[in-house]
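Per the numbering used here, the very first residue in the sequence shown carries number 53; after that it's consecutive.
No false leads were mixed into what you were given.
Mimicking EDC-like on lysine to aspartate or glutamate, the simulated pairs with C-alpha atoms at most 20 Å apart in a straight line are:
(1) K177 / D159
(2) K83 / D159
(3) K190 / E119
(4) K190 / E216
(5) K190 / E215
(6) K177 / E216
(7) K258 / E165
(8) K338 / D289
(9) K338 / E116
(10) K190 / E116
(11) K258 / D159
(12) K177 / E215
(13) K177 / D107
(14) K258 / E173
(15) K190 / D310
(16) K177 / D212
(17) K177 / D106
(18) K83 / E165
(19) K338 / D317
(20) K190 / D120
(21) K338 / E312
(22) K258 / E80
(23) K177 / D188
(24) K258 / D77
Here are the computed distance ranges between Cβ atoms for each label pair:
(25) A170 / R76: 16 to 24 Å
(26) G214 / A170: 20 to 28 Å
(27) K338 / A189: 19 to 27 Å
(28) R88 / H251: 12 to 20 Å
(29) G117 / S87: 32 to 40 Å
(30) D106 / E250: 31 to 39 Å
(31) K177 / D120: 19 to 27 Å
(32) P93 / D276: 39 to 47 Å
(33) S261 / E215: 23 to 31 Å
(34) G214 / H251: 35 to 43 Å
(35) R167 / I56: 38 to 46 Å
Everything labelled a hint here was simulated from the structure, so no lab data went into it.
Treat the numbers as computed from the prediction; the structure is a model and nothing was measured.
Beta carbons: idealized from backbone N, C-alpha and C, even for Gly.
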Amino acid sequence: MVSIRSQVIRYFSARYMKRVTPERDVHELRKGLESRTSILPPARRVSIRATVIDDIGCEWHVPEGCEDAPIILYLHGGAFVMGSPATHRRLVSHIARAAGMRALVPDYRLAPEHRFPAALEDSLKMYRHLRSRQDDAKLIIGGDSAGGNLSAATLLALRDAGEELPVACFLMSPWLDMTAAGESLQTRATSDPWFRPEHVAPTAAKVFSAFERRNPLVSPIFADASNLPPILIHVGDHEILLSDSTRLADNIRQAGGDVELRVWDGMWHVFQFFVGQMPESDRSIKEIGHFLRSKVGDLTAQERAA
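Given these sequences and hints, build the entire structure.
Written out as structure tokens, the structure is:
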């Protein structure tokens, strides 16, 4: 049963998102998102430091006592047209603390000013920088929505180039199919308060040309899913992109890979954004932290026995 708090947040989210349409000026959308999210407090005992790496602005999230911990390369969501390290500061700080790991959040280039493959190029640049400078650190990649797409595409590009892969990947409500072929766009058309079916095609058009949309680096749902690291997917069963997650999980299983799919009852697109406000969000972040620590061998004996 979903919490009362999540029902209240769903109601107000739906009212707000009715005003967020692809037709609105992208700069106005960015400003609105920044103003509502950048003021939210980060998790306690997590220091946040701005830096610049290879001409890309970034933020480090370092939980207390985790200065030499494994590193999460976190790619924020925002439909490829908005979002930044500031908008995702609270979410990422909670993930870093739950995992007991450092997190690096790059301010990758956004569309429509910078169309595909600009964001992917920036993600690969960040990963390769971390690999070259932190060769003794275990690396993880993850993200939400469009950032989930970038995380999956980065894995595919690294694998196809024969490069060393992260030890694990986590995806929250990933947007993986730019052709909008998933059945949940119809079956969940009215249940997701955060992302509407009619927004998908015009938003994708700001980033990708029509002939690019079946490219596996654009729509990872069409990729060969073999030889990938362990992947955790969290998705809500009320969201229009549910099919993207279930199809990717099926593809990985059929390829003999290691994937965990967690479908959250009554939840919507990137519900983890409300960590600290909704019990479902808190539990999801806790599970993600447990998964990540398990992949770097950092679970306690009690946790391993649970």
